[in-house]
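Produce the complete structure using the sequences and hints provided.
2 protein chains.
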Amino acid sequence: MTDLLTQPGAVAAKYPTEPATDDHHVVIVGGGFGGLYAAQALGRSPVQVTLIDRRNFHLFQPLLYQVATGGLSPGDIASPLRAVLKQQANTKVLLGDVVDIDPDEQRVILKRGQTVPYDSLIVATGGTHHYFGNDHWEAMAPSIKTIEDALEVRRRIFLAYEAAEKEPDLDKRAALLTFLVVGGGPTGVELAGALADLAFGTLEKDFRNIDTFETKIILVEGMDRVLPPFPEALSANAAESLAKLGVEVRTKTLVTSIEGDLITLKRGDTEEVIRTKTVLWAAGVKASAMGKIVAERTGAECDRGGRVMVEPDFSIANHPNIFVVGDLAHYAHQNEGRPLPGVAPVAMQGGKYVAKLIQHRVADKPMPKFEYKDSGSLAVVGRNAAVVDLNWIQFTGFPAWMIWLVVHIFYLIEFDNKLVVMTQWLWSYTTRNQGARLITGKDVDKVEDTMRGEIRLQK
Amino acid sequence: MTDLLTQPGAVAAKYPTEPATDDHHVVIVGGGFGGLYAAQALGRSPVQVTLIDRRNFHLFQPLLYQVATGGLSPGDIASPLRAVLKQQANTKVLLGDVVDIDPDEQRVILKRGQTVPYDSLIVATGGTHHYFGNDHWEAMAPSIKTIEDALEVRRRIFLAYEAAEKEPDLDKRAALLTFLVVGGGPTGVELAGALADLAFGTLEKDFRNIDTFETKIILVEGMDRVLPPFPEALSANAAESLAKLGVEVRTKTLVTSIEGDLITLKRGDTEEVIRTKTVLWAAGVKASAMGKIVAERTGAECDRGGRVMVEPDFSIANHPNIFVVGDLAHYAHQNEGRPLPGVAPVAMQGGKYVAKLIQHRVADKPMPKFEYKDSGSLAVVGRNAAVVDLNWIQFTGFPAWMIWLVVHIFYLIEFDNKLVVMTQWLWSYTTRNQGARLITGKDVDKVEDTMRGEIRLQK
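As given, the protein sequences belong to chains A and B, one line each in that order. Each position in the first sequence, counted from 1, maps to that position plus 193 in this note's numbering. Each position in the second sequence, counted from 1, maps to that position plus 193 in this note's numbering.
No lab work stands behind these hints: they were computed from the structure. Hints are supplied without guarantee of correctness; some may be wrong.
Partner residues aside, some chain A positions facing chain B, computed with beta carbon under 7 Å [what the hints assert, rightly or not]: (1) F250; (2) P273; (3) G394; (4) K398; (5) D399; (6) I632.
Yeah, the Cβ is synthetic: ideal placement off N, Cα and C, and Gly gets one too.
Shown next as structure tokens:
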């Protein structure tokens with residue numbers, strides 16, 4: 194492990210691992226909702242902030258499924274971290290991959306051995322997809338967690354239609370026009386709805402040999418209803434909306450095997466084999482790898498999903514200056530011990546709280562306890578329909594969709610001026626002319642391999 | 194070679210290579226300006242049209258440099274071909290790779306051996322980049338012809354800044370902040386100008402360790418002035434605007450070697466070695482591979498750049514039903530034998546003319562001669578400056594930039610509603626907050642390799 198500050202030839206004072214002043218140095222790992230809200234909340238404090246992320250942008254993940262289905266471009270839902278934070282003179286952004294932390298020496302270690310010292314550390318690296326012990330399914334059934342994932346899924350969806358248009362064999366064509374979405378949570382429901390919008394709306398007049406109404410969209414959920422965390426009435430309403438859109442919803446159903454284009458579903462004792470070229474995985478989320486590292490180095494406990502158990506102030510037991518917020522944290526000090534859900538508002542509020550706590554600590558002031566303000570949940574179900582649960586009142590259908598839209602626009606434009614983006618999207622959404630339906634990628638020369646129904650997998 | 198129409202198991206009537214009626218069947222290879230204008234002009238004719246392209250979208254290439262520099266997203270300047278042509282009931286779009294043509298049997302051959310019969314054939318596959326015998330330079334000095342090229346260049350530009358921000362060695366940092374653009378034609382000038390806008394505008398406040406004003410942008414041109422096809426006064430004005438923007442313009446200068454990050458420039462007898470991590474190639478265009486194939490199969494001649502010599506009606510000698518339009522054609526029947534330039538208006542007018550010729554031929558009517566209407570040339574030189582030559586009047590500076598803008602918006606929105614896109618772009622352009630500055634790609638885990646100044650090349 195080399196320490197850059199003492200390395201010969203290094204212009205130490207200029208190297209970004211060293212804070213510019215002797216101020217309290219807060220290192221934040223991860224520029225998602227938790228990390229970015231923390232960084233912004235520290236903007237005018239007498240502390241130095243270094244935000245480290247592997248990517249140079251914050252991603253508005255709630256709309257990533259729209260990139261996967263050709264409604265939005267990556268640039269529409271991503272904001273360069275440097276641009277978001279450029280007015281904060283006390284804040285540095287560092288493009289880097291944190292691979293370890295060293296609580297004794299109070300520093301984080303980057304992939305190539307460089308170290309960044311901290312006084313307070315906020316870890317907010319979020320979650321990743323989870324195949325429940327079937328990691329080999331990933332190639333056939335990609336998840337949508339990154340921009341690259343979304344572009345790969347977009348590529349597969351539109352290649353499936355192109356291949357179907359050219360496919361003379363009716364069975365193969367049916368397999369190409371079958372889309373299986375695994376997981377009936379908000380992401381799965383939103384994806385299935387967007388696929389239905391595509392098949393039975395946007396693409397309607399695009400093809401000459403196939404009828405896009407032949408498309409079969411199957412949404413599979415292991416529990417007894419879609420959107421399990423929502424009230425039952427809203428789950429029922431979402432299922433009904435999906436059915437109206439043309440999505441086949443199968444509850445109490447599990448995927449038991451994926452072999453090539455044959456997917457085995459199991460419901461009770463009944464097995465069924467579906468033939469499809471496109472399986473999209475929206476079933477599981479687990480903590481990112483940093484969870485295990487933080488636990489090992491600090492002696493913290495993790496839950497089954499790899500999330501780090503945190504104290505009431507998001508710190509780690511016996512390490513009051515190391516905090517974990519967002520999807521990586523297991524916060525069980527409210528709701529009778531049930532952990533807070535892995536959603537954006539929890540990450541935002543956690544990030545803000547920890548920022549404030551550090552400010553108070555530096556100023557030697559006491560900090561009140563954290564209290565999560567649950568303003569409700571919402572999920573969109575295709576064009577013009579959604580379900581919204583504000584805890585004291587519930588909405589479905591178009592009014593819920595309007596609420597969903599306003600909330601998303603509000604948060605999307607917070608960091609960055611994306612208002613025109615959203616106007617444009619609404620316009621193309623309304624006119625059913627979503628323009629980002631591009632098949633792109635490195636293997637463009639292989640496009641002919643879609644002939645005869647063989648879709649090349651890029652991963 | 195298999196013929197799908199007679200292949201066992203094939204549902205022949207449904208296969209897209211067979212036209213739906215006995216109407217005259219026009220096959221168009223390539224969905225660029227030439228091919229797409231031809232397809233649209235044939236929309237209401239009593240003919241069947243099949244447009245074949247390797248990509249599922251039309252690309253508005255004149256703005257591709259904006260994608261490479263983070264100003265626009267790919268979806269902003271690409272329109273799905275199916276969407277553009279969906280109202281034309283007589284037109285099929287086929288995603289495919291034409292590898293050969295067979296003039297005797299009147300059919301084109303796709304990569305996997307399938308054939309598509311034609312009565313008239315329009316070849317419009319355009320041009321590709323040209324390294325003048327130094328194809329090994331491509332990895333170090335990418336061109337910008339495709340969306341994938343532009344995203345790779347975007348990745349390199351922004352990784353160079355990220356690496357510079359982390360680089361303690363001053364020489365390495367200088368190499369990271371040096372950008373060399375090879376070629377002083379419109380593309381090179383536009384790229385250099387956009388890089389200057391980035392370095393000395395957009396990115397100004399983004400970094401903490403580097404001053405983006407340290408950026409060195411060098412534009413190299415072999416001739417004695419930039420924009421050689423323009424009138425001399427406009428070339429001089431463009432050079433002046435570039436200098437004002439902070440671009441070093443070196444005319445009469447050639448690149449003689451590229452070895453790693455050392456690039457040798459030669460001016461007269463003087464050699465100079467520049468150290469840079471980012472070289473962008475805007476120097477040469479040659480005809481795509483179809484040119485050679487068409488020439489071989491028809492006995493047509495090609496020029497040195499591989500362009501097919503065409504008759505006054507864009508047909509090939511002795512093959513009146515095979516046409517070549519756009520950048521692939523060498524049309525020398527105007528301007529005292531000088532070929533028409535490889536620009537979008539020539540492709541559009543050629544495509545439209547051939548479409549009309551085929552319509553007249555089918556209706557047994559005579560067709561007047563083709564005459565190219567040259568409405569002038571224009572090139573943008575960074576923010577708020579351009580040069581415009583309308584033949585009867587010339588503009589420079591801001592008025593020229595306004596004309597450039599209006600012309601580009603006009604053509605960009607022709608196929609597709611991109612007006613909101615352009616509004617958004619103008620907004621972020623004016624506010625210097627171009628949001629598409631994302632580093633994306635397959636190798637995101639390798640982002641740490643930018644540490645210590647080593648940029649991983651993705652290709």
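Identify every previously stated hint that the structure contradicts and give their numbers, smallest first. 3
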